[in-house]
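For what it's worth, the working numbering labels the leading residue of the sequence shown as 815, then goes sequentially.
Simulated from the structure, these hints should not be mistaken for laboratory data.
We put the beta carbon where it would ideally sit given N, CA and C, even for glycine.
One or more of the hints may lead you astray.
[Stated by the list, open to error] Simulated restraints on C-beta separations:
{"id": "1", "residue 1": "PRO1050", "residue 2": "LYS1278", "range": "38 to 48 Å"}
{"id": "2", "residue 1": "GLU902", "residue 2": "LYS1271", "range": "46 to 56 Å"}
{"id": "3", "residue 1": "ILE923", "residue 2": "LYS1242", "range": "22 to 32 Å"}
{"id": "4", "residue 1": "ALA1137", "residue 2": "ALA1031", "range": "43 to 53 Å"}
{"id": "5", "residue 1": "PRO1053", "residue 2": "LYS864", "range": "19 to 29 Å"}
{"id": "6", "residue 1": "LYS864", "residue 2": "GLU926", "range": "22 to 32 Å"}
{"id": "7", "residue 1": "PRO1050", "residue 2": "ASP915", "range": "14 to 24 Å"}
{"id": "8", "residue 1": "ARG899", "residue 2": "LYS1008", "range": "38 to 48 Å"}
{"id": "9", "residue 1": "LYS925", "residue 2": "LYS1242", "range": "21 to 31 Å"}
{"id": "10", "residue 1": "SER900", "residue 2": "PRO1053", "range": "27 to 37 Å"}
{"id": "11", "residue 1": "ASP915", "residue 2": "GLU1295", "range": "20 to 30 Å"}
{"id": "12", "residue 1": "LYS864", "residue 2": "SER908", "range": "13 to 23 Å"}
[Unchecked claim] SDA-like cross-link-like pairs, simulated, lysine to any residue; straight-line CA separation at most 20 Å:
{"id": "13", "residue 1": "LYS896", "residue 2": "SER908"}
{"id": "14", "residue 1": "LYS864", "residue 2": "TRP1019"}
{"id": "15", "residue 1": "LYS864", "residue 2": "LYS896"}
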Amino acid sequence: MSDHVDRRLFLGGSAAALGYFFTADALSATRAAETPSETIRVAGIGVGGKGQSDITQAARVGHVVALCDVDEGKRTATLNAKDKRSKEPPLSESNPKLYTDFRKMFDEIGKEIDAVTVSTADHSHAIASITAMRLKKHVYCQKPLCHNVWEARLMRETAKKYGVCTQMGNQGSAENGLRRAVELVQDGLLGKIKEVHVWTNRPIWPQGADAILKVGAARAAAFAALHGKPVEVPKPTAPKGINWDVFLGPAPVRPYDPAYHPFAWRGWWDFGTGALGDMACHTANMAFRACELVAPTTIEADATDVNPETAPTSAKIKFAIPARGDKPHQSALTFYWYEGVRGQKKVVPPKELLEKLLKPGQTLSDSGSIIVGDKAILFSPNDYGAQFTIVGDVALPKNLTRPEHLPVNGKGDLGMKEEWAQAIRENKPEVAYSNFEIAGSLTELILLGNVAIRAQKKLEYDAKTGKVTNDPAANAYIKREYRKGFELAEHA
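Model the full structure from these sequences, guided by the hints.
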């Protein structure tokens, strides 16, 4: 192997490419024994969509005792689903108890539950997870960890207070390529880090006026404004089998409309966190870990179609990250986020940077991340940071000066559940690589971007108090008002 990294050397997920070799014995040594001392009894809260794979994978490391979803149809589909790849029997063979309200589930069978998966809409992540943790249940929660900055801090605090084992579902965390990238950056391969750039092709659901005009009442108002006469629009009701009250959860009451549920809730501030919340916990994850990022001192956003109801149609966000220590990867830096389409063009990093990274004729990936150092640049053209190229004439380290290697996993989404189960069996919360101490900090950083979008001004943030200091009105976006029956206590 050459002593220097080729300008276009692909390092990806292959440990061998870095001169590190892992045998089957070495891999198994990093994990706990597969046989638990006792079965982990798991309940799924939100089991449609991504929730289906979360609970079916949890069934491979535990025993599913309950399924809870506001949509009975999705719950039934998950109950009877067959996974052809794993050849596991459907969950119906476990005879789990069925619910549409997680509060009722905990009231009735809380003592029969050891752990939960939470894969609801974003706005219910915190209320479901914190309720579980206060009952000393272990929690696997989908990304983003929660709906707002205050909840991110409370989730972190609650997990620590109750000593439960937690994991956020940003499955790139289990990829060996991501873990190797973290090691290389922290070993100083890129030199002093100056910038981080992360982009996504989201939103792929309606946001802005496009979303608002899909709501029946808004369509009627628009027609009246355009044509000077009212139009009757049928008032939709929640389909049979949907518990709309529990779907609303902590959000203000509003009538059911198919413009909100299913899936499109992501673009509505009451329920979702927009493109930033939906994807940055994946795409910014590697850079966040590698550079040990913390909450920003300032945030400013340039967004289009900003309105009180939905996330924007596009955004560029700039986070000023302070120094975290004396090592090169801990230097003060600027983190840039890009999303959506503006005019006819995707919002992406600057052309002059991309020209250094793309080969002639190569197109930019739909999502990815870039870490710019003063010696070299790391370029990852995918959601998870698991494949990457080092651009620059830098020496490949024969041995890392970083004191320890991160344990290998390499099993993606299922590996996240296995790692969580290992943490539970060993009673070691730190074994889960995306535990809420890490995931809460990542989510706090990310969701501050939404605060800047909504405030429409440059904000100054105090990470000690969790407050915006130069615009008190912006703190309304740090923490929401909670509907009766779905309140959260101020502290864990």
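Here is what the structure says about each hint:
no., hint, result
1, PRO1050 to LYS1278: 38 to 48 Å, "46 Å, holds"
2, GLU902 to LYS1271: 46 to 56 Å, "51 Å, holds"
3, ILE923 to LYS1242: 22 to 32 Å, "27 Å, holds"
4, ALA1137 to ALA1031: 43 to 53 Å, "50 Å, holds"
5, PRO1053 to LYS864: 19 to 29 Å, "21 Å, holds"
6, LYS864 to GLU926: 22 to 32 Å, "25 Å, holds"
7, PRO1050 to ASP915: 14 to 24 Å, "22 Å, holds"
8, ARG899 to LYS1008: 38 to 48 Å, "43 Å, holds"
9, LYS925 to LYS1242: 21 to 31 Å, "24 Å, holds"
10, SER900 to PRO1053: 27 to 37 Å, "31 Å, holds"
11, ASP915 to GLU1295: 20 to 30 Å, "21 Å, holds"
12, LYS864 to SER908: 13 to 23 Å, "20 Å, holds"
13, LYS896 to SER908, "13 Å, holds"
14, LYS864 to TRP1019, "16 Å, holds"
15, LYS864 to LYS896, "15 Å, holds"
Consistency with the previously given hints is maintained throughout, with no hint failing.
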